[in-house]
Amino acid sequence: MANNPIIPNGPKPKSIFTTRNILLYGTLLIVAIYYILPLYVMIVTSLKGMPEIRLGNIFAPPLEVTFEPWVKAWSTACTGLNCDGLSRGFWNSVQILIPSVFLSIVIASVNGYALVNWKFKGSEIFFAVLLFGAFIPYQVMIYPIVILLREMGLMGSLWGLVLVHTVFGMPILTLLFRNYFSSVPEELFKAARIDGAGFWGIYFHIMLPMAIPIFVVAMILQVTGIWNDFLFGVIYTKPDIYPMTVQLNNIVNSVQGVKEYNVNMAATLLTGLVPLILYFVSGKLFVRGIAAGAVKG
Amino acid sequence: MTMIKSLLCAGALLGATCASATELEVTHWWTSGGEAAAVAEFAKAFDATGNKWVDGAIAGSGGIARPIIVSRIIGGDPMHATQFNHGRQAEELVEAGLMLDLTDIATAEGWADIVYPKGLLDSCTLDGKIYCVPVNIHSWQWIWLSHKAYKDAGVAVPTNWDEFVAAAPALEAAGKVPLVVGQQGWQTSGAFGVINIAVGGVDLWKKINIDKSAEAAASPEMTKVFEAADAARKMSKNSKVGDWNLATAMVIRGEAGGQIMGDWAQGEFSVANQVAGKDYSCLPGLGVNQVISTGGDAFYFPKNKDPEITKAQKQLASVMLSKATQVAFNLKKGSLPVRGDIDISAANDCMKKGLKILADGGILPSGDQLLSADTTGQIEDLFVEFWNDPSMDITTAQARYVKLIKLAD
Amino acid sequence: MAQSVRPNTLFRNLNAKIAAMPMIITVLVIFVGCTIWTVVHSFTKSRMLPKLEFVGFDQYERLWGTSRWLISIENLFIYGACSLVLSLVIGFILAALLDQKIRFENTLRSIILFPFALSFVVTGLIWQWILNPDLGIQSVVRDLGWTSFAFDPLYNPDIVIYGVLIAGIWQGSGLIMVLMLAGLRGIDEDIWNASRIDGIPKWKTYLFIVIPMMKPVFVTAIVLITSGIVKVYDLIIAQTGGGPGIASEVPAKYVMDSMFLKQNLGQGFAASTMMLLCVLIIIIPYAYLEFGGRRNGK
Chain A
1 MANNPIIPNG
11 PKPKSIFTTR
21 NILLYGTLLI
31 VAIYYILPLY
41 VMIVTSLKGM
51 PEIRLGNIFA
61 PPLEVTFEPW
71 VKAWSTACTG
81 LNCDGLSRGF
91 WNSVQILIPS
101 VFLSIVIASV
111 NGYALVNWKF
121 KGSEIFFAVL
131 LFGAFIPYQV
141 MIYPIVILLR
151 EMGLMGSLWG
161 LVLVHTVFGM
171 PILTLLFRNY
181 FSSVPEELFK
191 AARIDGAGFW
201 GIYFHIMLPM
211 AIPIFVVAMI
221 LQVTGIWNDF
231 LFGVIYTKPD
241 IYPMTVQLNN
251 IVNSVQGVKE
261 YNVNMAATLL
271 TGLVPLILYF
281 VSGKLFVRGI
291 AAGAVKG
Chain B
1001 MTMIKSLLCA
1011 GALLGATCAS
1021 ATELEVTHWW
1031 TSGGEAAAVA
1041 EFAKAFDATG
1051 NKWVDGAIAG
1061 SGGIARPIIV
1071 SRIIGGDPMH
1081 ATQFNHGRQA
1091 EELVEAGLML
1101 DLTDIATAEG
1111 WADIVYPKGL
1121 LDSCTLDGKI
1131 YCVPVNIHSW
1141 QWIWLSHKAY
1151 KDAGVAVPTN
1161 WDEFVAAAPA
1171 LEAAGKVPLV
1181 VGQQGWQTSG
1191 AFGVINIAVG
1201 GVDLWKKINI
1211 DKSAEAAASP
1221 EMTKVFEAAD
1231 AARKMSKNSK
1241 VGDWNLATAM
1251 VIRGEAGGQI
1261 MGDWAQGEFS
1271 VANQVAGKDY
1281 SCLPGLGVNQ
1291 VISTGGDAFY
1301 FPKNKDPEIT
1311 KAQKQLASVM
1321 LSKATQVAFN
1331 LKKGSLPVRG
1341 DIDISAANDC
1351 MKKGLKILAD
1361 GGILPSGDQL
1371 LSADTTGQIE
1381 DLFVEFWNDP
1391 SMDITTAQAR
1401 YVKLIKLAD
Chain C
2001 MAQSVRPNTL
2011 FRNLNAKIAA
2021 MPMIITVLVI
2031 FVGCTIWTVV
2041 HSFTKSRMLP
2051 KLEFVGFDQY
2061 ERLWGTSRWL
2071 ISIENLFIYG
2081 ACSLVLSLVI
2091 GFILAALLDQ
2101 KIRFENTLRS
2111 IILFPFALSF
2121 VVTGLIWQWI
2131 LNPDLGIQSV
2141 VRDLGWTSFA
2151 FDPLYNPDIV
2161 IYGVLIAGIW
2171 QGSGLIMVLM
2181 LAGLRGIDED
2191 IWNASRIDGI
2201 PKWKTYLFIV
2211 IPMMKPVFVT
2221 AIVLITSGIV
2231 KVYDLIIAQT
2241 GGGPGIASEV
2251 PAKYVMDSMF
2261 LKQNLGQGFA
2271 ASTMMLLCVL
2281 IIIIPYAYLE
2291 FGGRRNGK
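Sequence lines, in order, name chains A, B and C. Sequential numbering from 1 applies to the first sequence in my numbering. Sequential numbering from 1001 applies to the second sequence in my numbering. Sequential numbering from 2001 applies to the third sequence in my numbering.
The hints are simulated quantities; they were obtained by calculation from the structure and are not laboratory data. Mixed in with the good hints, there may be bad ones.
In silico DSBU-like links for lysine-lysine, alpha-carbon gap of 35 angstroms or less [unchecked claim]:
1. B:LYS1314 with C:LYS2051
2. B:LYS1278 with B:LYS1234
3. B:LYS1240 with A:LYS238
4. B:LYS1278 with B:LYS1129
5. A:LYS238 with B:LYS1352
6. A:LYS238 with B:LYS1311
7. C:LYS2204 with B:LYS1129
8. B:LYS1403 with A:LYS259
9. A:LYS284 with C:LYS2045
10. B:LYS1234 with A:LYS238
11. B:LYS1237 with A:LYS238
12. B:LYS1303 with B:LYS1278
13. B:LYS1305 with A:LYS259
14. C:LYS2045 with B:LYS1129
15. C:LYS2045 with A:LYS119
The structure displayed is predicted, hence computed values, not measured ones.
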């Protein structure tokens, strides 16, 4: 620190100016509008009929509320000859999501733990390269991974995609867990060692229970990331198991005659619903988890 | 899968046909209204053979669909049949031995005699073996004109490119976009190619695209073509659309005077219940020269170990080329059939114009057949930049074009 | 640490190594192996399928002679610099505002954070719509009577990349805000008291005392933002498709189009190798500071 002012005196009484509050809340209001406006437009549009949309103002509330676009987006919107909307993609996404999230978090947490408490020769270098992996453009690896998956016989299968998600989630998650575990007092670890606990013993009995907040953060990050993925989903799977985002793209880009903005918006909202709900429900846990872990470098 | 199939069979009481029913997954990028209706004809005809068409449409034009198709074939988990533009897009996949050889069925059914023009089958042939089924002929050399737009502007509907250019100011004054061009590379470079043939003539075009003559590309005749393209981009500067069918929709609604687009635009007009000659006009070769290119779509069948599937693949190939399917499919798609021996009485004005040119032999190979995907892509990059960046003058554009032709393969 | 504990070190470290196997394999096979594979193939004339026919630096020469690539690189730098600075500044300011013991903090935080739950595809689509001059902000303002109002960033080649930036910031700044907020909450109350007593203005306390204390938070934030910038692809595809013309092209899209659309793998690999090089140039100084610094610290 540059200057270190430690002069313990009685605190000055702080006066609250109304101008300050007006400025503060005014700014926050404008900010809130910027963030909420797109969501508002999506919701409003998805509830309008096409004639009303053509008339104009995207910010106006619907004169006549209709849920038809939602129904259509979910169950009857067409791509080519398939007219079953997003419903199929939803379950595919769930099937991809659960194993991917589980596997990637387990592996990353063990990695983080090993990197902090069980350093071995070269472990720091592995970590550095892994972290570097976070910056490698996916495009660099798409092609070789196609070949790798082919050799493993996993191309086009659900598990192939799970594997890809696990691999690409690893850098950031490992960083997260490593940072968290390095903030755990070393005495705790040493005491357990003296008690004779081994690698897995310490992990399950000491580290795991302590790391719940960071598990929540990791889970939220992964659920969002994997649910929203388009690139891997489209390249490493096939139509039977296309995730929801791929079907969203198909529906939004299959223009049959006119662009049905209301159906597109409903489809978009439906696709974003899972991560959105997760955020609104567990936002507090997320923030707390970040405060507990990610912040310590 | 098998269980579902047998359940379906039991339910539908199809009996005998069910025993040989094979599901084939077919990928394509036909997702617009007219296109989807056309694909449905294929599916219907194939399902009638007792097999099952599993539709694998991928939206967003070839640009999004092709990477997915290619990576799946290379990844060893291919679909059972897939669309490509015939020509050189699938060249290397065939060379690598990833595609099914269709020669036996082609010989048995005498494809060599029925496919017209012959160049189409040549594009499917490598070392004397046939690897794909051409399904339609698409030509680029059309301009689609909205009668409503010209009526609103109070001028006559043009009958050739010069009249079109002359009528542009009147349209602009009426608040319309004289020429609508979707802002995607393939559309702008396609429009340029059409202008090239109309303004510069067929011979010049051949010299550049077939002989890859950089000299011809640098010639003063070609400068005229660039001047015409410059005029075209000025007419289209207010078209703020991306997808081609949204541009076509502007013509249909009378918001735009015309669109230079391949004959697949036809499908959009018929979906919108528009009548050729009454609501809209079409001018092949921009009304200047009566030639059309014979590009189009073809289906390839990636190799599969299962003999049942191979059998069904060949069945599908045969169905796609059959007389009835050709008629039904091409009427919906707005494209021309690949067989010279069928009579389409239901064809509308525009299709008939196309068929006549075809019969008269006014045909050119398409760019996809002549240039590699790499060269095509670079030309697309050039023209999408040219079209959208008014500061790029024609000298620069031509110089870059010459360079690309010099390196073309 | 572990090395200082003599007995059973070898056996136990073996255990840790086994546990770290997935990471080691990932690093070696995917991150190192695939990267090398790509770099090697960038010197070949591979077209649709990878072939080992070497052509030296041909692909690179062509790459740097292509105006689309140059525009892509320029866009990436503009987008990257703006996005980094703006995300940090906006994230920090918002966090500082939320830290003023205000009411509705939870609601506001959720509102700012929620876009992060949406994918880039969704983000791109929605902003494409709001910025569409015929439907969105421009037309609404014109309807209100200001008929000469013009705001169509997505259709103006000169500013289109900033139109993308608006969407990018909207999506990503919430996470940064949460990080910063967590960092601010971690600052000891005594420091605030002390600086208040000293009569140091609030902004100075933030700038010279609080921010330096939050270095780890900034590092995490920078890692998150930068790793996102290099990969920007979905957003462009959904929002502008690279247009108008080629005004909003980015390197990742150049790579994808070269590999799959133009069926020129060699060119795509050369472009992705250049992207890697850019990342290396940016990241090596950081890695040196971070890892080198830590070793000295401990």
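Here is how each hint holds up against the structure:
no. : hint                     : result
1   : B:LYS1314 with C:LYS2051 : holds (31 angstroms)
2   : B:LYS1278 with B:LYS1234 : holds (28 angstroms)
3   : B:LYS1240 with A:LYS238  : holds (34 angstroms)
4   : B:LYS1278 with B:LYS1129 : violated (46 angstroms)
5   : A:LYS238 with B:LYS1352  : violated (40 angstroms)
6   : A:LYS238 with B:LYS1311  : holds (22 angstroms)
7   : C:LYS2204 with B:LYS1129 : violated (78 angstroms)
8   : B:LYS1403 with A:LYS259  : violated (39 angstroms)
9   : A:LYS284 with C:LYS2045  : violated (53 angstroms)
10  : B:LYS1234 with A:LYS238  : violated (43 angstroms)
11  : B:LYS1237 with A:LYS238  : violated (40 angstroms)
12  : B:LYS1303 with B:LYS1278 : violated (48 angstroms)
13  : B:LYS1305 with A:LYS259  : violated (42 angstroms)
14  : C:LYS2045 with B:LYS1129 : holds (26 angstroms)
15  : C:LYS2045 with A:LYS119  : violated (43 angstroms)
The structure is inconsistent with the numbered hints 4, 5, 7, 8, 9, 10, 11, 12, 13 and 15, although it conforms to all the rest.
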